[in-house]
Amino acid sequence: QQQVKQSPQSLIVQKGGISIINCAYENTAFDYFPWYQQFPGKGPALLIAIRPDVSEKKEGRFTISFNKSAKQFSLHIMDSQPGDSATYFCAASKAAGNKLTFGGGTRVLVKP
Amino acid sequence: NAGVMQNPRHLVRRRGQEARLRCSPMKGHSHVYWYRQLPEEGLKFMVYLQKENIIDESGMPKERFSAEFPKEGPSILRIQQVVRGDSAAYFCASSPFNHASANVLTFGAGSRLTVL
Chain A
1 QQQVKQSPQS
11 LIVQKGGISI
21 INCAYENTAF
31 DYFPWYQQFP
41 GKGPALLIAI
51 RPDVSEKKEG
61 RFTISFNKSA
71 KQFSLHIMDS
81 QPGDSATYFC
91 AASKAAGNKL
101 TFGGGTRVLV
111 KP
Chain B
113 NAGVMQNPRH
123 LVRRRGQEAR
133 LRCSPMKGHS
143 HVYWYRQLPE
153 EGLKFMVYLQ
163 KENIIDESGM
173 PKERFSAEFP
183 KEGPSILRIQ
193 QVVRGDSAAY
203 FCASSPFNHA
213 SANVLTFGAG
223 SRLTVL
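Taken in order, these protein sequences are the chains called A and B.
Residues 1 to 112 in our numbering are what the first sequence spells out, letter by letter.
Residues 113 to 228 in our numbering are what the second sequence spells out, letter by letter.
Please keep in mind that the hints were generated in silico from the structure rather than gathered at the bench.
For each residue, glycine too, the CB sits at the ideal point set by N, CA and C.
Careful, some of the hints might be misleading.
Stated by the list, open to error - Below, a sample of chain B positions facing chain A; criterion: calculated Cβ distance under 7 Å:
id	residue
1	Tyr-160
2	Gly-220
3	Gly-222
Stated by the list, open to error - When the alpha-carbon atoms are kept at most 27 Å apart in a straight line, the in silico DSSO-like pairs for lysine-lysine are as follows:
id	chain 1	residue 1	chain 2	residue 2
4	A	Lys-94	B	Lys-139
5	A	Lys-71	A	Lys-58
6	A	Lys-71	A	Lys-111
7	A	Lys-5	B	Lys-174
8	A	Lys-58	A	Lys-94
9	B	Lys-174	B	Lys-163
10	A	Lys-58	A	Lys-111
11	B	Lys-139	A	Lys-42
12	B	Lys-139	B	Lys-163
13	B	Lys-163	B	Lys-183
14	A	Lys-58	A	Lys-68
15	A	Lys-5	A	Lys-68
16	B	Lys-183	A	Lys-71
17	A	Lys-57	A	Lys-15
18	A	Lys-5	A	Lys-71
19	A	Lys-94	A	Lys-71
20	A	Lys-94	B	Lys-163
21	B	Lys-139	B	Lys-183
22	B	Lys-174	B	Lys-156
23	B	Lys-156	B	Lys-139
24	A	Lys-42	B	Lys-156
25	A	Lys-94	A	Lys-15
26	A	Lys-58	A	Lys-42
27	B	Lys-156	A	Lys-68
28	A	Lys-42	A	Lys-111
29	A	Lys-94	B	Lys-174
30	A	Lys-5	B	Lys-139
31	B	Lys-163	A	Lys-42
32	A	Lys-94	A	Lys-111
33	A	Lys-5	A	Lys-58
34	A	Lys-68	A	Lys-57
35	A	Lys-68	A	Lys-42
36	B	Lys-156	A	Lys-71
As the list claims (entries may be wrong) - From the derived model, a few chain B residues whose C-beta atoms are all more than 10 Å from chain A:
id	residue
37	Lys-156
38	Glu-184
39	Thr-218
Work out the full structure: start from the sequences and follow the hints.
See the structure below:
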């Protein structure tokens with residue numbers, strides 16, 4: 001059973017455009033929702049994270065929107081740059097110290 | 113702070129051999145997690161350990177795979193009698209032992225296992 005579903009699998013956006021990646025989860029016990037960025041040959045790096053007591057969190061050009069009732073959350077990359085080209089993973093976990101369950105990943109390509 | 117250190121970065125084994133992957137967590141981190149990433153796929157949880165204790169091994173295959181995190185030294189993921197399907201990138205992550213940040217995972221660069 002896939003507990004975190006991510007879409008789309010891949011995304012092409014022009015420089016300056018907005019990249020939007022969506023995730024849906026099933027387990028209502030999840031209470032921590034991070035996004036990770038991974039470049040080829042590297043490990044995932046934490047990008048931004050949100051907890052369910054807020055509906056939106058913004059850090060620079062990256063924004064997480066969270067809809068608790070729909071059990072969905074999304075990542076928006078504003079003013080996308082070629083350097084943002086990477087694979088992005090959403091994840092979820094329940095309770096501090098517990099494991100992260102990852103979505104399948106979205107490969108983003110930003111064209112100059 | 114050197115971050116999460118994994119070695120070897122690349123490992124080639126023939127079918128039937130053993131693979132040992134090592135992970136040193138970030139300084140001050142006492143929780144270690146192992147994940148496996150198959151080509152073009154997401155990360156799949158394998159095991160979660162604290163020093164001398166396996167907390168959650170629900171993602172570990174029932175046979176051939178084992179993990180440990182001894183009192184001294186790195187965490188080790190051991191794969192016995194490797195098969196081609198074990199070819200993957202194995203990532204280690206660590207987190208600190210405090211309630212507020214315990215699920216903030218920092219990943220290493222991974223160990224890429226190729227089974228011939």
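Do the hints match the structure? See the list:
For Tyr-160(B), the interface hint holds, the least distance from its beta-carbon to any beta-carbon of chain A being 5 Å, beneath 7 Å. Here the hint on Gly-220(B) is kept, as its CB sits about 5 Å from the closest CB of chain A, short of 7 Å. Taken as an interface hint, Gly-222(B) checks out: its beta carbon lies about 5 Å from the nearest beta carbon of chain A, inside 7 Å. With a C-alpha separation of about 24 Å, the suggested pair Lys-94(A) and Lys-139(B) falls inside the 27 Å cut-off, and the hint holds.
Among the hinted pairs, Lys-71(A) with Lys-58(A) is consistent with the structure: their alpha-carbon atoms are about 19 Å apart, no more than 27 Å. Proximity of Lys-71(A) to Lys-111(A) is assessed by CA-CA distance (about 31 Å); at most 27 Å being required, the pair is judged violated. With a C-alpha separation of about 26 Å, the suggested pairing of Lys-5(A) with Lys-174(B) holds against the 27 Å cut-off. The straight-line distance between the Cα atoms of Lys-58(A) and Lys-94(A) is roughly 22 Å, inside the 27 Å bound, and the hint therefore holds.
Taking the CA atoms of Lys-174(B) and Lys-163(B), the gap is about 22 Å. The hint holds against a cut of 27 Å. Simply put, Lys-58(A) and Lys-111(A) have alpha-carbon atoms about 24 Å apart, close enough for the 27 Å limit, and the pair holds. Straight-line distance between C-alpha atoms of Lys-139(B) and Lys-42(A) comes to about 20 Å, which keeps the hinted pair within the 27 Å bound. The suggested pairing of Lys-139(B) with Lys-163(B) holds, with an alpha-carbon distance near 13 Å, which does not exceed 27 Å.
Between Lys-163(B) and Lys-183(B) the alpha-carbon distance is near 6 Å, which keeps this suggested pair within the 27 Å criterion. Distance restraint check for Lys-58(A) and Lys-68(A): the Cα-Cα separation of roughly 17 Å lies within the 27 Å cut-off, and the hinted pair is therefore satisfied. As the CA atoms of Lys-5(A) and Lys-68(A) are separated by approximately 15 Å, the hinted pair is consistent with the 27 Å bound. Straight-line distance between C-alpha atoms of Lys-183(B) and Lys-71(A) comes to about 40 Å, which puts the hinted pair past the 27 Å bound.
Annotation: proposed proximity of Lys-57(A) to Lys-15(A) holds, straight-line Cα distance about 23 Å (limit 27 Å). As the CA atoms of Lys-5(A) and Lys-71(A) are separated by approximately 11 Å, the hinted pair is consistent with the 27 Å bound. Of the supplied pair hints, the one linking Lys-94(A) and Lys-71(A) holds, its CA atoms being roughly 14 Å apart against a limit of 27 Å. Proximity of Lys-94(A) to Lys-163(B) is assessed by CA-CA distance (about 22 Å); at most 27 Å being required, the pair is judged to hold.
Between Lys-139(B) and Lys-183(B) the CA atoms are separated by roughly 14 Å; this keeps the pair inside 27 Å, and the hint holds. With a C-alpha separation of about 15 Å, the suggested pair Lys-174(B) and Lys-156(B) falls inside the 27 Å cut-off, and the hint holds. Between the alpha carbons of Lys-156(B) and Lys-139(B) the distance comes to roughly 25 Å, so the proposed pair stays at or under 27 Å and holds. Of the pairs offered as hints, the one joining Lys-42(A) and Lys-156(B) holds, with about 16 Å between alpha carbons and a cut-off of 27 Å not exceeded.
The suggested pairing of Lys-94(A) with Lys-15(A) is violated, with an alpha-carbon distance near 36 Å, which exceeds 27 Å. Taking the CA atoms of Lys-58(A) and Lys-42(A), the gap is near 25 Å; set against the 27 Å cutoff, the hint holds. The suggested pairing of Lys-156(B) with Lys-68(A) holds, with an alpha-carbon distance near 24 Å, which does not exceed 27 Å. Between the alpha carbons of Lys-42(A) and Lys-111(A) the distance comes to roughly 21 Å, so the proposed pair stays at or under 27 Å and holds.
In summary, the hint linking Lys-94(A) to Lys-174(B) is supported, as the alpha carbons are separated by about 24 Å, within the 27 Å threshold. Between the alpha carbons of Lys-5(A) and Lys-139(B) the distance comes to roughly 33 Å, so the proposed pair goes past 27 Å and is violated. Pair hint Lys-163(B) plus Lys-42(A) holds up; C-alpha atoms about 26 Å apart against a cutoff of 27 Å. For the hint pairing Lys-94(A) with Lys-111(A), the CA-to-CA distance comes to about 37 Å; that exceeds 27 Å, so the pair is violated.
Taking the CA atoms of Lys-5(A) and Lys-58(A), the gap is about 22 Å. The hint holds against a cut of 27 Å. Pair hint Lys-68(A) plus Lys-57(A) holds up; C-alpha atoms about 14 Å apart against a cutoff of 27 Å. A distance of roughly 32 Å separates the Cα atoms of Lys-68(A) and Lys-42(A); the hinted pair therefore is violated under the 27 Å criterion. A threshold of 27 Å between alpha carbons decides the hint, and for Lys-156(B) with Lys-71(A) the separation of about 21 Å falls inside it, so the pair holds.
Its beta-carbon lying about 8 Å from the closest one in chain A, Lys-156(B) breaks the requirement of being farther than 10 Å from that chain. With 10 Å as the threshold on Cβ separation, the claim that Glu-184(B) sits away from chain A holds: the shortest Cβ distance comes to roughly 22 Å. With a least beta-carbon separation of about 7 Å from chain A, Thr-218(B) fails to lie farther than 10 Å from that chain, contradicting its non-interface assignment.
Figure legend: structure checked against the earlier numbered hints; hints not met, in rising order: 6, 16, 25, 30, 32, 35, 37, 39.
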